[in-house]
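K.L.:
Okay, here's what each chain looks like letter by letter:
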Amino acid sequence: MPRAKRRSVLPGFGLSLGFTLAYLGVLVLIPLSTVFVKSAGMGWAGFWEAATTARVMASYRVSFGAAFAAAAINAVFGFLVAWVLVRYSFPGRRVIDALVDLPFALPTAVAGIALTTLYAPAGLLGKPLAALGVKVAFTPLGIIVALTFIGLPFVVRTVQPVLQDLETEVEEAAASLGASRWQSFRRVVFPAIGPALLTGFALAFARAIGEYGSVVFIAGNMPMKTEIAPLLIMTKLEQFDYAGATAIAVVMLTLSFVLLLTINLLQWWSRRRTA
Amino acid sequence: MAPAARALPVREPRLVRAALIIGAFGFLALFLFLPLAAVFYEALRRGLALYVAALTEPDALAAVRLTLLTAAIAVPLNAAFGLAAAWAIAKFRFRGRNLLITLIDLPFAVSPVIAGMIFILLFGAHGWLGPWLQAHDLQIVFAAPAIVLATTFVTFPFVARELIPLMMEQGPEEEEAAIVLGASGWQTFRRVTLPNIRWGLLYGVILCLARAMGEFGAVSVVSGHIRGETNTLPLHIEILYNEYSFSAAFAVASLLTFLALVTLVVKTLLERRMRREPILERTPS
Chain A
1 MPRAKRRSVL
11 PGFGLSLGFT
21 LAYLGVLVLI
31 PLSTVFVKSA
41 GMGWAGFWEA
51 ATTARVMASY
61 RVSFGAAFAA
71 AAINAVFGFL
81 VAWVLVRYSF
91 PGRRVIDALV
101 DLPFALPTAV
111 AGIALTTLYA
121 PAGLLGKPLA
131 ALGVKVAFTP
141 LGIIVALTFI
151 GLPFVVRTVQ
161 PVLQDLETEV
171 EEAAASLGAS
181 RWQSFRRVVF
191 PAIGPALLTG
201 FALAFARAIG
211 EYGSVVFIAG
221 NMPMKTEIAP
231 LLIMTKLEQF
241 DYAGATAIAV
251 VMLTLSFVLL
261 LTINLLQWWS
271 RRRTA
Chain B
276 MAPAARALPV
286 REPRLVRAAL
296 IIGAFGFLAL
306 FLFLPLAAVF
316 YEALRRGLAL
326 YVAALTEPDA
336 LAAVRLTLLT
346 AAIAVPLNAA
356 FGLAAAWAIA
366 KFRFRGRNLL
376 ITLIDLPFAV
386 SPVIAGMIFI
396 LLFGAHGWLG
406 PWLQAHDLQI
416 VFAAPAIVLA
426 TTFVTFPFVA
436 RELIPLMMEQ
446 GPEEEEAAIV
456 LGASGWQTFR
466 RVTLPNIRWG
476 LLYGVILCLA
486 RAMGEFGAVS
496 VVSGHIRGET
506 NTLPLHIEIL
516 YNEYSFSAAF
526 AVASLLTFLA
536 LVTLVVKTLL
546 ERRMRREPIL
556 ERTPS
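Residue numbers (the working numbering), protein chains in the order written: chain A, 1 to 275; chain B, 276 to 560.
Because the hints were derived from the structure by calculation, they are not lab data. Glycine included, C-beta positions come from ideal geometry on N, C-alpha and C. Accuracy of the hints is not assured; some may be wrong.
To be verified - Computed footprint of chain A on chain B; a stretch qualifies when at least three of its residues, placed anywhere within it, have a C-beta under 8 Å from a C-beta of chain A:
#1 302 to 311
#2 468 to 477
#3 499 to 505
#4 512 to 525
To be verified - A short list of chain B residues far from chain A (calculated; beta carbon distances all over 12 Å):
#5 L325
#6 A361
#7 G371
#8 Q414
#9 L536
Said to hold, decoys possible - The following residues of chain A were derived to be distant from chain B, with all beta-carbon distances above 10 Å:
#10 K38
#11 W48
#12 M57
#13 R61
#14 A69
#15 R94
#16 A111
#17 A131
#18 R186
#19 P191
#20 L198
#21 G210
#22 Y212
#23 P230
#24 A249
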C-alpha cells in the first residue's frame, strides 16, 4: 500500500485507502480481468477469428457508425441548446435547463419503448415521416435517434459552463474593432469553446458505443443490418458462445479505454485553455 | 454605457435569435419532450382502471420489491465507498492518486452488457467460481445476487466522483484544525467533514439511486428473466412490451419516468443550494 507523502495529522488514511482498493479490486478490477484472461486463453488466432467474422464486423460498423452520427448531431444541436440557454432569456428557460438531464435520469428501457412508439410507422412522428418516404424505426436511422437521446446531455453540460465563464468583453472588443457578429463568433467564441465541444462529443460517442437498452427496441435487430455490437454479445451469451462474446467485449473494452484516456487528455487541455 | 454600445453587435439580430431559439426548441421537442409526453399518454390511453391494474398485479409488485431491494444494497455500499475513496484521495497525497481517480471512473466506460457479462464469466456455470458455487449449492447468476452485483458495478462511480472534487477543493485544513484541537477522528468526520459535504453526498446518492433503479442492460444479462422472481422494473417493462401489452408496459414505465422527474427536481434544488454555498466548479457527469 502506498504511503502518504506528506505526514498528515489526519487519521484514517490506511483504513479509507485500504477499503477503497479492496472494494475497487473485488467489484471492478477482478471481474473486468475475466474478459482479458478468458480471451488470452483463446490464443491469438482464435481470438482474431471470433472478433472479425462478417456478422461481428457488421455489428461494429452499425455501432460505431450510429454512435458517431448521433454524437455529431449532439455536437451541433447540443451547442445550439447550450448557447440558447446561456445567452438568451425566454419563458420556461429554467425548466428546460433542468429537463436536459432527463436522459441521465430516465431508464434506458423507458426511453427505448417511448422512442419506438413515436417513430414506428404508425406512430405520431413515424407516420408523417413514412409519408415522406423516411423510415426511422427498425432501420439504422432509429438507432441514431435512440443514441442521440442518450447522448443529448453530454455536449450541453460540457459546453454550458465554458460559455457561462466566457466574458462578453472579448466579443465587445472584437466588435468595436470592426468584426462582424459572425467573425467574432468564429474567431473568438468558437476557439474558446472548441475543447469543451470536443470533450462533449467524445463523451457522447463513448456512451453511445456501449448503449443497449434504448437501442434494442427501436433497432429491429437484423443481423448484418441493424444489429449493434452489445446486442451481439448478448445473443452469443444466450447461445453459451462465451468465447465469441468475450472476443467482441475485448475489442469494445479496448476502444472504450482508449476513449476514456482521450477524454481525460481533452479535459486537461480544456482546463489549461480556460485557466 | 453610452448609446453607442447598442451599435456594437455583441448580440445577434432579432431574427437570428428567434431562429436559434426555435431550432433548439425543435430539437428538444423531438428528442426530449415528445418521448416524455408519449410515456404518460400511452400509459393512460386505455383508462385509469387498466393503469392501476398494471401496477398492482403480483408480477409488477414483485418487480418493485426486487428493484427496491437492489437499490437498498447497491446505493449504501457505493455511498460508503465514495466517502472512503474521497477521504483518502482528497485529504492525503500519495503516489498513484491520479491513477486511482481514473480507475474509479472505469465502470462508466464499460458497456452495460459487458458489465453483466463479467459476472457470468466469474460466477456462471462455466465461470471461474462456477464449479465451487455449484458444489456448495449457491446460486448467484440468474438470481438476485448477480442483479445486485451488476447494479453495484454500474453505479459504482456516482458518489465518489461527486465527493472527490468537492473534498479536494475544501482541502484538509478544517479537519486538521479539529484534530489539533483534540477532536477524535470520528468526531472530526461527523462534525466537520459531513456538514461540509452533505449536499454533495446527497447529490451523488440521488444520481446513484436513479441509475440503480433504472439499469437495464447489465441486469438483463445476469437475470434469468423469471417472472415474479428475477425481474426488476425495467425488465418487467421489456417483457410486457414484447408481449404487446403496450398499455401495461407504459404504465410501469410511467412509474419510473415519474421517479426520473422527481430525481431531476431534487437534483436542480441541490445544485442551487450548492451554488449558494462557496463551492465552485461542478464538472458535468
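K.L.:
Starting from the hint list further up, note which numbers the structure goes against and sort them upward.
P.N.:
The structure breaks hints 2, 3, 6, 7, 9, 10, 15, 16, 21, 22, 23 and 24; every other hint is satisfied.
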